[in-house]
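Residue numbers (our numbering), protein chains in the order written: chain L, 1 to 299; chain C, 1 to 299; chain G, 1 to 230; chain H, 1 to 230.
Among the hints, a few may not be true.
Claimed, not checked - Straight-line alpha carbon distances no greater than 27 Å define the calculated BS3-like cross-link-like pairs of lysine-lysine that follow:
1. K69/C to K201/L
2. K93/H to K26/H
3. K180/G to K88/G
4. K122/H to K201/C
5. K201/L to K88/H
6. K122/H to K93/H
7. K93/H to K202/L
8. K26/G to K202/C
9. K180/G to K201/L
10. K88/H to K202/L
What the hints assert, rightly or not - What follows is a set of in silico ranges between Cβ atoms, one per label pair, in the way DEER data are often shown:
11. K26/H to G131/G: 55 to 63 Å
12. A181/G to Y75/H: 48 to 56 Å
13. A182/C to A182/L: 52 to 60 Å
14. D72/H to R69/G: 53 to 61 Å
15. F266/C to Y14/G: 53 to 61 Å
16. E205/L to D72/H: 36 to 44 Å
17. Y75/H to K203/G: 23 to 31 Å
18. G74/C to F266/L: 55 to 63 Å
19. Q6/H to T169/G: 28 to 36 Å
It is worth saying that the hints were derived from the structure and are not from the lab.
All values derive from a computational prediction rather than experimental measurement.
Where a beta carbon is used, it is the ideal one built from N, C-alpha and C, also for glycine.
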Amino acid sequence: MRRILYLVRETIANIWANRMSVAIGVVTTAFTIACFGVFFLLYWNLKNLAGSLQDEIQVMVYLEPDTSKVMVSGVRRHLEGEHAVASVAFISEQEAVKDFHQQFPEESSLLDGMGDTPLPASFVVTLAPGFQSSELVEGLAERVRGVPGVEFVRYSRDWIDTLGLFVSYLEIGALVIGLILAVATVTIIANTIRLSFYARKKEIEILRLIGATGSFIAVPYVVEGAFLGVVGGGLSLALLKGGFEVFRFELDASGWFQGLDSVIAFFPLQISILLVVTGFLLGSASSLLSVYSLLRSRA
Amino acid sequence: MRRILYLVRETIANIWANRMSVAIGVVTTAFTIACFGVFFLLYWNLKNLAGSLQDEIQVMVYLEPDTSKVMVSGVRRHLEGEHAVASVAFISEQEAVKDFHQQFPEESSLLDGMGDTPLPASFVVTLAPGFQSSELVEGLAERVRGVPGVEFVRYSRDWIDTLGLFVSYLEIGALVIGLILAVATVTIIANTIRLSFYARKKEIEILRLIGATGSFIAVPYVVEGAFLGVVGGGLSLALLKGGFEVFRFELDASGWFQGLDSVIAFFPLQISILLVVTGFLLGSASSLLSVYSLLRSRA
Amino acid sequence: MIQFFQVTKYFDRYAALRDVTLRVDKGECVLLTGPSGAGKTTLLKLIFGAEVPDEGQILVQNRNIARLRASDVPYLRRTMGFVLQDFKLLPQKTVFENVALPLIIQGTAGLEVRRKVSEALKAVGLDHKRGSQAAGVSAGEQQRVCIARAIVNSPIILLADEPTGNLDTNLTMEIIELFKAIHARGTTVMLATHNRQVVEEMKGRIIRLHSGRVLSDQGVYSETNSLSCP
Amino acid sequence: MIQFFQVTKYFDRYAALRDVTLRVDKGECVLLTGPSGAGKTTLLKLIFGAEVPDEGQILVQNRNIARLRASDVPYLRRTMGFVLQDFKLLPQKTVFENVALPLIIQGTAGLEVRRKVSEALKAVGLDHKRGSQAAGVSAGEQQRVCIARAIVNSPIILLADEPTGNLDTNLTMEIIELFKAIHARGTTVMLATHNRQVVEEMKGRIIRLHSGRVLSDQGVYSETNSLSCP
Ligand SMILES: Nc1ncnc2c1ncn2[C@@H]1O[C@H](COP(=O)(O)OP(=O)(O)OP(=O)(O)O)[C@@H](O)[C@H]1O
Ligand SMILES: Nc1ncnc2c1ncn2[C@@H]1O[C@H](COP(=O)(O)OP(=O)(O)OP(=O)(O)O)[C@@H](O)[C@H]1O
Ligand SMILES: [Mg+2]
Ligand SMILES: [Mg+2]
Chain L
1 MRRILYLVRE TIANIWANRM SVAIGVVTTA FTIACFGVFF LLYWNLKNLA
51 GSLQDEIQVM VYLEPDTSKV MVSGVRRHLE GEHAVASVAF ISEQEAVKDF
101 HQQFPEESSL LDGMGDTPLP ASFVVTLAPG FQSSELVEGL AERVRGVPGV
151 EFVRYSRDWI DTLGLFVSYL EIGALVIGLI LAVATVTIIA NTIRLSFYAR
201 KKEIEILRLI GATGSFIAVP YVVEGAFLGV VGGGLSLALL KGGFEVFRFE
251 LDASGWFQGL DSVIAFFPLQ ISILLVVTGF LLGSASSLLS VYSLLRSRA
Chain C
1 MRRILYLVRE TIANIWANRM SVAIGVVTTA FTIACFGVFF LLYWNLKNLA
51 GSLQDEIQVM VYLEPDTSKV MVSGVRRHLE GEHAVASVAF ISEQEAVKDF
101 HQQFPEESSL LDGMGDTPLP ASFVVTLAPG FQSSELVEGL AERVRGVPGV
151 EFVRYSRDWI DTLGLFVSYL EIGALVIGLI LAVATVTIIA NTIRLSFYAR
201 KKEIEILRLI GATGSFIAVP YVVEGAFLGV VGGGLSLALL KGGFEVFRFE
251 LDASGWFQGL DSVIAFFPLQ ISILLVVTGF LLGSASSLLS VYSLLRSRA
Chain G
1 MIQFFQVTKY FDRYAALRDV TLRVDKGECV LLTGPSGAGK TTLLKLIFGA
51 EVPDEGQILV QNRNIARLRA SDVPYLRRTM GFVLQDFKLL PQKTVFENVA
101 LPLIIQGTAG LEVRRKVSEA LKAVGLDHKR GSQAAGVSAG EQQRVCIARA
151 IVNSPIILLA DEPTGNLDTN LTMEIIELFK AIHARGTTVM LATHNRQVVE
201 EMKGRIIRLH SGRVLSDQGV YSETNSLSCP
Chain H
1 MIQFFQVTKY FDRYAALRDV TLRVDKGECV LLTGPSGAGK TTLLKLIFGA
51 EVPDEGQILV QNRNIARLRA SDVPYLRRTM GFVLQDFKLL PQKTVFENVA
101 LPLIIQGTAG LEVRRKVSEA LKAVGLDHKR GSQAAGVSAG EQQRVCIARA
151 IVNSPIILLA DEPTGNLDTN LTMEIIELFK AIHARGTTVM LATHNRQVVE
201 EMKGRIIRLH SGRVLSDQGV YSETNSLSCP
C-alpha cells in the first residue's frame with residue numbers, strides 16, 4: 001500500500017521534477033505522430049476518394065435495333081443475375097438521342113437525317129464494389145455479349161485500369177512511405193524518451209544501491225513514459241484535427257471542389273483512439289526498454 | 001592556438017564520450033528530415049506530373065467546310081501570333097475521318113452516308129506553359145472565333161479547370177502539411193539536441209566555475225550540434241534515396257505506369273544539398289540555443 | 001558474517017586490492033585505515049556488491065556475493081546500511097524523503113516510516129532540516145543525512161566510508177557515540193576512516209591497508225601500536 | 001582584497017549568512033571555522049561569484065561581485081583558485097586534463113601547460129595518477145586533484161573548502177605545507193575547515209562562524225583561545 005502510494009507520488013514528482021524534458025518529450029511525440037498522421041490522413045482520404053470513384057464504373061450494354069420488349073426484359077434478367085452487377089438502368093432509343101443532343105450540342109447535326117432512332121437502346125450497368133477489376137468486367141462483358149438481343153458491350157477499360165492502378169499505386173506508395181514513417185516515429189519517440197531518462201542514470205544507480213528491486217525502479221518511469229505517450233498522442237490528434245480544419249476551411253473559402261468537401265473526412269473515432277493508443281504503447285515500451293537497459297548492468 | 005587545438009580535440013572527445021546520445025540524435029534527425037523529405041518528394045513529383053500534364057492541354061479550332069487554303073493559312077498565322085500558343089498542328093477533313101474511325105471503331109457506321117467530308121478540318125493548338133488558366137484560354141477562344149474561316153472553337157474547359165484546381169489544391173495542401181511538418185522537424189531536432197545537452201549541465205557548470213567564457217564553452221557543443229545535423233541530414237538523404245529506389249523498383253517490377261517511370265524523379269542536386277544544409281543549420285542553431293539557455297543563468 | 005578469501009580487484013590493470021583474506025564475525029567493530037588510495041572504499045564496495053571481485057570469493061551472511069543472482073542483490077542490500085564517501089543522495093528529494101527511501105522500498109507502513117525517520121534524523125541532529133532539499137544542505141549535513149539513511153533500517157551490517165570527513169570535533173564525537181550505540185545493539189560495524197579521533201574512540205579492531213594489501217590486523221587502539229598508524 | 005559589507009544570503013527563507021562584515025587584506029591567511037551548516041561554504045561561494053548576495057556588498061579586488069557583468073565573471077575567476085567541498089571534477093576526463101583545464105581556458109602554451117600541471121600534481125603527490133579518469137580515483141585522490149587544479153594557475157586568491165576532509169594525517173600535513181608555501185609567495189589564502197590539525201598548523205587568522213554570523217575574528221591559534229574553537 002505504502003509502496004503503491006509511493007509509486008504514484010513518485011511518478012507525479014518525477015514528471016514535475018523533469019517537467020522540461022517531459023514537455024520536450026510530449027511535444028516531440030506529438031509532432032512525430034502527427035507526421036505519420038498527416039500521411040495516413042492523406043492516404044485515408046485518397047483511398048476513400050478512389051473507392052467512391054470506383055463506384056461509378058459503368059458497363060454499357062447496347063441492344064440490337066428494334067429489340068422486342070420480351071427480349072429487353074430477358075437481357076435485364078440476365079444482367080441482374082450476374083454477381084458483379086449492382087444496378088441496371090435502361091436507356092431507350094429516344095432517350096439516347098436526347099442524351100446525345102445534351103452532351104454534344106455542337107455535333108447535333110451529325111444525327112440529322114439518320115432516321116428516328118440513329119442510336120441504339122442500352123442498359124447502363126453499375127458494378128458492385130469489389131468487382132471493378134479489368135478481368136472480371138471482361139468476363140462479364142463476354143457473357144453478356146452472348147445474350148440474345150445484345151448488339152455490343154462497351155466499357156471504358158482505360159478508366160477501370162487507371163483507377164485500379166491508382167489504388168495499387170497508392171498502396172505500394174503507402175506501404176513504402178508508411179513504413180519509413182512508422183520506423184521514423186518509433187525511433188524518434190523511443191529516442192526522445194531514452195534521452196530524457198539518460199539524465200537520470202545516477203538516480204537509478206542510487207535506488208539500486210539502497211536495495212530497490214528492478215520493478216520498483218522501473219514502474220514510475222514506465223508510467224511516466226506511458227503518460228508522455230498518451231499526452232503526445234492526444235496532442236498529435238489535436239494538431240491533426242486543427243490542421244485538417246484549417247485545410248477544409250481554406251478549401252471552402254476558395255470555393256473549389258464543392259463536391260470534395262463531402263468526400264474528405266477526418267479519421268473515424270476508432271482510428272483516432274488508435275493514434276492515442278499507439279502513443280501509449282510507444283511511450284511505455286520505450287521507457288521500459290531504456291530503464292531496463294540501465295538496470296541490466298550489475299552494480 | 002592551444003585553445004583551438006583544445007576545442008577541436010574537445011569536440012571529438014565530446015562526441016565520442018556521448019556517442020550514444022549523439023547517435024540517437026543523428027538517427028532522430030535523419031528520420032525527422034526524412035519525414036519532411038518524403039512529403040516534399042511527393043509534392044515535388046506531383047507538381048512535376050501536373051506540369052507535364054498541363055503541357056498537353058489543347059484547344060481545337062474547327063474550320064468552316066470547304067475553307068480555301070489562303071484562309072487556312074490566315075487562321076494559322078493568326079494562331080501563331082497569339083502569345084498563349086506554343087504550337088499549331090493542322091488536321092485536314094480526311095485526317096479527321098481517319099482519326100474518328102481509329103478512335104471509335106464501333107461507331108464507324110455513324111459516318112456512313114454523310115458524304116466525303118462529314119467532319120470539319122481543324123487546328124490543334126498546344127498552349128504555352130503559364131497560359132493554361134481557364135480565363136486566358138477563354139480569351140484566346142473568343143479572339144479566334146472572330147477569325148474568318150473558323151466555324152467553332154472547342155476546348156475542354158473541365159480538364160483545364162481540373163488541372164488548375166489540382167495544382168492549387170496541391171499548393172494549399174503542400175502549404176498546410178508542409179508547415180506542420182517543417183515545424184515538427186525543427187521542434188524534434190531542436191528537442192533532441194537540447195535533451196542530449198541536458199545531461200551535460202554539470203559539465204558546463206564546472207567549466208564556468210573554472211573561468212571559461214561563454215563562447216569557449218559553447219563552441220564544442222555547437223560544432224557537435226552541427227556535426228549531428230550534417231550527418232543526420234546526409235543520412236536522411238540516403239534514407240530517402242533508398243526508399244525512392246525501392247519504390248521505383250516496385251513500380252518497374254509491377255509493370256504499371258511505364259510512362260510514369262520517366263516522370264518521377266529524385267530531387268535535383270541543389271535540393272539534396274539543401275537538405276544537408278538544413279540539417280547543419282538546425283543542428284548548430286539548436287545546440288547554440290540550448291547551450292546559451294544553460295549559460296544564461298548566472299552561477 | 002563477512003569473509004574474504006584471497007580477493008583481488010583490478011581497475012584497468014591497477015590492483016586496488018591484492019590477495020585480501022579476512023574474516024569479520026557478527027557483532028564486531030572493525031576500523032579500516034590506511035593512506036589515500038589504499039583500497040578502503042573498494043573493500044567496502046565489494047561487501048555490498050557495488051563492485052565484483054576479479055579473483056577470490058566473498059561471503060556475506062554466508063552468501064557468495066559474486067555468484068548472487070541479480071534479482072537477489074536488492075534483498076541482501078536491504079540488510080545492510082552504508083555511508084558512502086560521495087554521499088549518493090537523491091538531490092531533488094528532501095532530507096526526509098532520502099532517509100525514508102530504504103523503508104519505503106521495503107513497504108514499511110506510513111506511520112512507522114515517519115517514526116523511524118524522525119528518530120534517525122534526531123540521532124544525527126538534523127530533524128530541523130527534514131524539509132530541505134538534499135542538494136541544498138551543507139556538506140556536513142549531507143553526510144549526516146547519509147548516516148541517518150544507513151541506520152534507519154536497523155541494518156545487520158553497517159558500513160561507513162569516512163563518515164566524519166566533513167564534521168567538526170563535536171559532531172564527530174556524537175556520531176562516534178551513535179555508532180557505538182548501534183554496535184552495542186549487536187550490529188556488525190565496519191568503518192573506513194582517516195580520522196584519528198574516530199580510531200581512538202571507537203576502540204575496535206583495526207585493519208590497516210596499504211596499496212591494496214592488509215598491512216596489519218590488530219585489536220583495539222593503544223598508544224603502543226598507534227605510532228605509525230593513521 | 002576581499003571585503004564584505006553587511007552581507008546577508010538567504011536560501012528559501014533560511015539565512016545562511018547574516019549581516020557579515022569582514023575585510024581580508026592581500027597576503028593574509030584566513031581560517032574559517034564553525035560547526036556544520038554555519039555558512040562557511042556559502043561565504044566562499046560568494047567570493048568567487050557562484051552565489052549572489054541578497055543584501056550587502058562584496059568587493060573582491062576592488063570589484064563589486066554582485067554588479068559585475070556576466071561576461072566579466074570568468075576573468076575574475078581566473079585570478080582565483082578554489083577547492084570545492086564536492087570536488088566538481090569533470091568525471092570523464094583524466095586527472096591531467098582536469099588540472100590542465102584552467103590553463104587551457106586562458107590559452108597557455110602547450111609546453112608550459114605540461115610543465116605546470118606536472119608541478120602541481122607532484123605537489124599533491126599524484127603524478128602517478130595523471131592518466132587515470134577523474135571518476136576512477138579514490139576520494140582522497142580526487143580531493144588532491146582539486147587542490148592541484150586550484151594552484152596550477154598561481155592564483156592571487158586561493159579559496160579552499162574543507163581541503164583535507166578525505167586525507168589522512170600525513171597527507172594533511174603535506175597539504176598544509178603546500179598551502180603555507182603558496183601563502184609565503186604572497187597569495188591570499190582562505191581555508192574553511194573543521195580539522196583541528198589544519199587550524200593549529202596553518203597559524204592564520206581565525207574567523208569563527210555560527211548560524212551565519214561571525215562569532216569571533218581573532219589572530220593565530222593558541223592554546224588559550226582554542227578551548228571552544230573547532
Ligand atoms: N572506478 C575506478 N576506476 C579506476 N581506478 C579506481 C576506481 N576506483 C578506485 N580506483 C583506484 O583504486 C585505488 C583504491 O581506491 P579506493 O577508493 O579504494 O581508495 P581509498 O582507500 O578509499 O582512498 P581514499 O582514502 O582516498 O578514499 C586508488 O588508487 C584508485 O585510484
Ligand atoms: N543551495 C542551498 N539551498 C538551500 N539551503 C542551502 C543551500 N546551500 C546551503 N544551504 C543552507 O545554508 C546553511 C549554510 O550552508 P553552508 O554549506 O554554507 O554550511 P557550511 O558551513 O559549509 O557547513 P559544512 O561544514 O557542513 O559544509 C546550511 O544550513 C544549509 O542547509
Ligand atoms: Mg575512499
Ligand atoms: Mg561546507
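Structure-based check of each hint:
1. K69/C to K201/L: violated, 90 Å
2. K93/H to K26/H: violated, 34 Å
3. K180/G to K88/G: holds, 24 Å
4. K122/H to K201/C: Outside the cut-off at roughly 31 Å; violated.
5. K201/L to K88/H: It holds: about 18 Å lies between the C-alpha atoms, which stays within 27 Å.
6. K122/H to K93/H: holds, 19 Å
7. K93/H to K202/L: holds, 18 Å
8. K26/G to K202/C: With a Cα-Cα distance of about 42 Å, the restraint between K26/G and K202/C is violated, given a limit of 27 Å.
9. K180/G to K201/L: Violated, because 35 Å separates the two Cα atoms, which is more than 27 Å.
10. K88/H to K202/L: holds, 16 Å
11. K26/H to G131/G: 55 to 63 Å: violated, 42 Å
12. A181/G to Y75/H: 48 to 56 Å: Hint holds: Cβ distance 53 Å, inside 48 to 56 Å.
13. A182/C to A182/L: 52 to 60 Å: violated, 21 Å
14. D72/H to R69/G: 53 to 61 Å: holds, 58 Å
15. F266/C to Y14/G: 53 to 61 Å: holds, 56 Å
16. E205/L to D72/H: 36 to 44 Å: holds, 38 Å
17. Y75/H to K203/G: 23 to 31 Å: violated, 53 Å
18. G74/C to F266/L: 55 to 63 Å: About 57 Å separates the Cβ atoms of G74/C and F266/L, which means 55 to 63 Å holds.
19. Q6/H to T169/G: 28 to 36 Å: holds, 31 Å
Figure legend: structure checked against the earlier numbered hints; hints not met, in rising order: 1, 2, 4, 8, 9, 11, 13 and 17.
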